[in-house]
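Colleague: Protein chains in written order, with the numbering used here: chain A, 1 to 304; chain B, 1001 to 1332; chain C, 2001 to 2252.
Please keep in mind that the hints were generated in silico from the structure rather than gathered at the bench. Errors might be hidden in some of the hints.
Unchecked claim - With the Cβ distance kept under 10 Å, some of the chain B side facing chain A (calculated, not the full set):
no.: 1; residue: V1151
no.: 2; residue: L1311
no.: 3; residue: R1319
As the list claims (entries may be wrong) - Stretch by stretch, here's where chain B covers chain A in the computed footprint (C-beta under 8 Å, at least three residues):
no.: 4; stretch: 95-106
no.: 5; stretch: 281-294
As the structure is a computational prediction, the values presented were derived from the model and not from experiment. Glycine residues also receive a C-beta, built at the ideal position from the N, C-alpha and C atoms.
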Amino acid sequence: MALLLEQLLNGLQLGVMLFLLAAGLTLVFGIMGVINLAHGSLYMVGAFAAAWVAAQTGSALLALLAGLAAAALVGMAVELVVLRRLYARDHLDQVLATFGLILFFNQGAILLFGRQPLFVDIPEPLRGAVEIIPGVPYPAYRLAILAVGLLVAAGLYWLIRHTRTGMLVRAGATHREMVRALGVDVRRLYTLVFGLGALLAGLAGLMAGPIFSVQVGMGEQILIMTFVVVVIGGIGSVRGALVGALLVGLSDTLMRAYLPALLRGAMQGPDADALAAGLASMGVYLLMALVLLLRPRGLFPAHG
Amino acid sequence: MAEPSRRPRRVSPVLLALPPLLALAIALPWIAEALGTPASTGLATRMAIYAIAASALNLVLGFGGMVSFGHAAFFGLGGYTVGILYAHWSWQEPLWGLIPGTTSLPVTLLAAMAVGGAGAALIGALSLRTRGVQFIMITLAFAQMLFFLFVSLKAYGGDDGLSVRRQGEFPGLSLRDPAQLYWLCLGLLVAWLLLLRRVTRSRFGQVLAGARQSERRLQAIGIAPYPYKLAAFVLSGMGAALAGALMVNYARFVSPDMLAWTKSGELMIMVILGGVGTLMGPVLGAIALVGLEYWLAALTEHWQFVLGPLLLLVVLFARGGLMALLRPGAGA
Amino acid sequence: MTAPLLLVEGLRKRFGGLCATDDLSLAVRPGELHALIGPNGAGKSTAIAQITGEIRPDAGRILFAGRDITRLPPSRRVRRGLSRTFQIVQLLDEATTLENVALAVQAHQGHSFRFWRDARRDERLRQPARQLLLRAGVEAALWEQRTGDLSAGARKQVELAIALAAAPRLLLLDEPMAGLGPSESRAMTETLRGLKGRLAILLVEHDMEAVFALADRVSVLVDGRCIASGEPAEIRADPAVRAAYLTEDEEA
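Just chain A, with the same shape it has in the complex:
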């Protein structure tokens, strides 16, 4: 029971991390119609910037600000220099150009920080554990991630439902041409949306730092899962991204936790563990294939 609760929380925590990444990706998909493989690079940029500043200054607050700023700035620069030229292109060009960006960013990170993973300490006030129910301690830092993720989700909901920018974002996801026809400065809206997406990706990256190690390639591992989330949720839908992220986070975590034990009943220990790990890794892709076969446009299709 305690284990299940812990795993559920772990799953939710992975879910909100995925949501932070997926929210930006799905908006960029939905509004600009661009597949951006380099979204994972922004996650990496946030993580590296925060890790580096934390190591230099020892200040968690400065690290937080540095991670957010770096991701947002790099994101907007990428939009201005590269992505802007890809809006009118087909998906093939977008995939390849942003694939090129991944190579560039990954190798750039190696040039700057080397291949060794960086390790980041959990900020002082969050180091302990909290007893969620009597006798079940849970790391405070992970609870904090959960809280931040949910806060961001609420903030995004407010932004999209109740502000003018949000109105444009909603309109942009469903009626791209109409927003253009309204004479809105679409270019600025695009840069803004992209910057916001980058900011959230950077936030996810810097929060991931103390849990996973900060290293080159971290962006791609999570990027593909994020794509799964976006496609399951329905491209362009932030609500879909939230549902998809929690679904993927929970199913991945729970499969990893419980499959080995299940399989060990049927086969040898080490083989069972290896197969269970493989099946758990395959699980989310299987989930996506199933969702797409039943609902080819995802759970919450944004375009009418």
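Let chain A serve as the given structure and place chains B and C on it in line with the hints.
Modeller: For chains B and C alone, kept in the frame of chain A given last:
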């Protein structure tokens, strides 16, 4: 009524250059020997193998308009077919107690193509129900599933992969000789290209090109595009698997890296670098990318730092790829 | 009275709260030119999409030559002899005019799982394609041009040639005059007059001049249902039609 004129046949410079280039390609091992760079034969072998894989991808991507982001799956399936048949041969223990292992190349190549084709039939049948971004992502998802499946198969090396310690045997050839392996790959590449040329010009090819341009139009002349797209996908999967099987014979090693999503990306790069939807484009693209990686890697450890932006420039500014540079003015 | 070639009965289609097709019934007799008219938003496009199979109705059925085709996919309906053109022309823009029509001929000849012979030099495809182009009135000078480069009028004509390749018993023409200049429009009217009588035509058109010049019978669609059906003279005189349609048209 005026006699309708045939379209004047454009003989592209690429076509004219083919016979001498082919002669040069055949002579390459001797030239490499004479120049004292026998390693070039190996490099050329890799180019030929990737050219097969990239042209296979181009059949669906360029001719059929299906942006598959999971073709490494079929490349890897072909590779693992060779690896697994070798493993069972070396253990002297039939696969599932039924299929005896073998190192006979004609057998393993055909088996690889059968496995690749079957995999493509299954993945294609499901994926082709979606389109656009969803198609790109679902093909990626299936490839990732196979990637993790092979990672988890500890019996065949799991993460570490599987060494193939014995060269495949081909009647009349000694494949230990790098030059003979190269000629085999070159011969298969030429045969594969001739087949693709036929197929893309056939009635089937016309339907495939139609599906790329307007599925609605095809429906309205009474053709349901799905079975044709699926057939192209299967043929493409077989070609990619053939390339994977040859790659394992060349590298004598197979690992999940062959199915990694970056490998799918590389195959796409070759196609677009050379020229989407052209017969020779993917060949040029494969030569260019394999060559570029080789030369850049010799110059600097950080060659990807150069390759990334270079790729970006090609996508942004050199539309139509190398083929467009070679025949300026010619319409697609 | 002969049995209708196309019989639409009690067709319904809702999109959310909007009832786009509301108990629509319609009959097209063999060999007649039947015009379907109606003000904008009357549900003509939705009705056509259901007859051609692009949208599945919520209720009702569609019979073609006495057989139920309500659940048949679009391509199968074409093979039964129900061919159509599009309001917004759908051509393979990278291919030439002749190649476009040759592909339609190929589709009519049977399955296309033939991988070996060069289809672009196959006279068994090109010869019938030329005949069709002549029948649809496409100038020979355009036959080797990419259809993407043709004028709007020529594209409509090419599409007509493609639709004829299926040897249809019923030709559904979705606003063949839309986007055409006056002279192109007249040429299209003449081409249609030439086809009239050899096969049944269901003509959806806004150009009233063309409709009343060509049609044997006219059906009027308003708010997703057929409010009147009859000979042009009856339709002109029908008070309900005048109220719902012609007055509005005059005001516009």
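Colleague: Now tell me, hint by hint, if it's right for this structure.
Modeller: Hint by hint, here is what the structure shows:
{"no.": "1", "hint": "V1151", "result": "holds (6 Å)"}
{"no.": "2", "hint": "L1311", "result": "holds (3 Å)"}
{"no.": "3", "hint": "R1319", "result": "holds (8 Å)"}
{"no.": "4", "hint": "95-106", "result": "holds (count 11)"}
{"no.": "5", "hint": "281-294", "result": "holds (count 8)"}
In this structure, none of the earlier numbered hints is contradicted; all agree with it.
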